[in-house]
Amino acid sequence: MTAVQSIKPRRKSNRPVWDEEPTPAGKAVKALFMTCYAAAIVLPIWAVLATSFASEEALSSAGGNLLILPTDVSFAAYREIFSGGALTDSLLLTATLTIVGTAISLVLTVCGAYALSRTGSLLHRPILWFILLTFLFGPGMYPSFLVVQKLGLFNSYWSLILPGAVGTFNIIILRAFFMNSIPTELIDAAKIDGAGEFRTLFRIVLPMSKAILAVIALFYAVGYWNLYFSAVLYTPGLDTQPIQVVLQRMLMSTQGLPDGAQAAAQYQDQGEAAPTAALKMAVVVCTIIPIVIMYPFIQKHFTKAVITGAVKG
Amino acid sequence: MATLQSTAPPDADATRSADRPVVRRRRTVGQRLRHDWPLLVLALPVVAHLTVFHYWPTAWNIIAFMDYSPYRAFWDNPFVGFAWFQRLFSDPYFTPALLNTLKFASLNLLFMFPLSIVLALAMNSIISLKVRSTFQSIVYLPHFFSWVLVVTVFVQVLGSDGLVSNWIMGAGGERLNFTSNPDTFLLLVWMQWAWKDAGWGMIIFLAALASINPSLYEAAASDGANRWRRLWHITLPSIRPVIILLLILQIGGILSVGFEQYQLQRQSIGYQSTEVLDTYVYYQSIIGSQGESFGTAAGLFKGVIGLILILIANNIAHRLGEQGIYQKS
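So the sequences go chain by chain: A and B.
Taking the numbering used here, the leading residue of the first sequence gets 1, the next gets one more, and so forth.
Taking the numbering used here, the leading residue of the second sequence gets 1001, the next gets one more, and so forth.
Chain A extracted, bound-state conformation (with noise of 0.2 Å):
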């Protein structure tokens, strides 16, 4: 066996046995186009974060409003963010909007997903087909707007979470992870053992499922982080606005366009003023900072997760 062994080649990679090896050219291309595409997503980030930094001096000596390679650090604009000014009460009323809006939709979500899964129950299935059948029909802009406002929650935080809370989406690939993933005996085991659904629910299934349970949340909190469409439509005439609108604004004053004016000067009345791009791209900064965080955790399940919800099998 030894012997055997040792004659056989060392191979330098996994490469299929079958499989030629491609021209250098081939290799080549195919280096060029992914580097390049890389590249196109990893350097505007980094140029933002290098601007965030950057002092007065360091941006109007580059000439512009964006650097790649920073001269100086400076933390001016992370300063006027959490100074207690419009910007911070903005990023609280953001992160408030999504622990709270995650954790209403996680368990709407996960109560409505093992409801769905513990098939032939009594009314199974026109509750399932109550639910698959929201995705063949939205309701439209305007009528969505009119119950928001029949319910009395225009202008009220309530509406930036309530209308959106159930993805019925992550309920079905929810509902496929418990159908799938978990055995069926294990739950009747417990039934056996007198357990009831809730207990079942609590001390059985979601033990089993937590890393579906995390990516699901990551996508409720990703979208109330990055809510904005629906700030614009159901909350106007508030103060204190989600960041993403706060952005929206800054963008606007800074290319010189009629709704941003007002706003400049909202954001920036407050004692030493960082440069305005700085101001801009650290606000960029503080919106994408939550999301890299979270991402190295939940990257290696979420494949998994929008595969269970989208392929057969």
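Simulated from the structure, these hints should not be mistaken for laboratory data.
Check before you lean on any hint, since a few could be wrong.
[Unchecked claim] Dumping the calculated DSSO-like pairs for lysine-lysine here, alpha-carbon to alpha-carbon at most 27 Å:
hint: 1; chain 1: A; residue 1: Lys30; chain 2: B; residue 2: Lys1130
hint: 2; chain 1: A; residue 1: Lys191; chain 2: A; residue 2: Lys210
hint: 3; chain 1: A; residue 1: Lys300; chain 2: A; residue 2: Lys30
hint: 4; chain 1: A; residue 1: Lys300; chain 2: A; residue 2: Lys210
hint: 5; chain 1: B; residue 1: Lys1130; chain 2: A; residue 2: Lys210
hint: 6; chain 1: B; residue 1: Lys1130; chain 2: A; residue 2: Lys27
hint: 7; chain 1: B; residue 1: Lys1130; chain 2: A; residue 2: Lys300
[Said to hold, decoys possible] Take a look, some chain B residues computed to stay more than 12 Å from chain A by CB distance:
hint: 8; residue: Lys1103
hint: 9; residue: His1143
hint: 10; residue: Val1150
hint: 11; residue: Pro1237
hint: 12; residue: Ile1316
The beta-carbon is built from N, C-alpha and C at its ideal position, and this holds for glycine as well.
Take the given structure of chain A and dock chain B to it, following the hints.
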């Protein structure tokens, strides 16, 4: 929607219930209620939520056929038939908005979809796992960024004061006005899509590629098929069901190209190039003064066309022998 067939196949439900004791079927409703009430309690919040925030507004679509005024009692509003739709189709701003929507949707269909497939194929051919996972982490990330952020970054990089513009001017060139030029808006939209979502669109194809049996490739290779023939005769046919499934979904969503990306760039580009159906509804009836019934009619038009398109596309898929989004039952 992709999941209708995958997670709720009628036959899968049938096999599951076949596993259960037959006795269960003989129970009366009362007995089943006593047995299953916790499940109903668990389903109740979701059902209530969808009733209030999905089905109730859907029912409100009826005002598209009424001369609705919020100051009248509901049933005092006279029915006017399709008058609002007539007014919608004769509105000078509606047709451009519809055409823009179709333009962006076909752009998506023709140039985004293939980009994701090409990316997935390129990715799938990377053999080193390290390179592969690094690349994956990078290209998925922008999917989680908001449109506000994407547009901001684009203005900073490609705008008239942006990074690229400064390089060009530094080299003696002219100022770039890419992010405020209506003529190149289509290209800008495509670049923003590609930046944000092309990588994410790859996930599903990667999964389909991973499920292809490698012995097929091995057999083809030993029969003398080179990599292009293997791509054409094995890879593409194997991922065809997924491609068709996604195509149907795309066609169903053809009138829903989104709101934020266009609303955000409306001021810098101008409304003529950025108006799509969603922004049209918003600016005409929520911001503007076209009224409740008009906005509802425009939204209903969009929803009904979307529904019809998805049913047609699915029907065609069935005729071609594909599964589509739901199975014929």
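The hints, checked one at a time:
1. A:Lys30 x B:Lys1130: 16 Å, holds
2. A:Lys191 x A:Lys210: Within the cut-off at roughly 22 Å; holds.
3. A:Lys300 x A:Lys30: Roughly 25 Å separates the two Cα atoms, so the pair holds.
4. A:Lys300 x A:Lys210: Within the cut-off at roughly 13 Å; holds.
5. B:Lys1130 x A:Lys210: Holds. Lys1130 (chain B) to Lys210 (chain A) sits at ~26 Å (cutoff 27 Å).
6. B:Lys1130 x A:Lys27: 17 Å, holds
7. B:Lys1130 x A:Lys300: With a Cα-Cα distance of about 13 Å, the restraint between Lys1130 (chain B) and Lys300 (chain A) holds, given a limit of 27 Å.
8. Lys1103: Since the minimum Cβ distance to chain A is about 21 Å, Lys1103 (chain B) lies beyond 12 Å and the statement holds.
9. His1143: 9 Å, violated
10. Val1150: Its Cβ does come within 12 Å of chain A, the nearest being 10 Å, so this is violated.
11. Pro1237: 16 Å, holds
12. Ile1316: 17 Å, holds
Violated hints for the displayed structure, listed by number in ascending order: 9 and 10.
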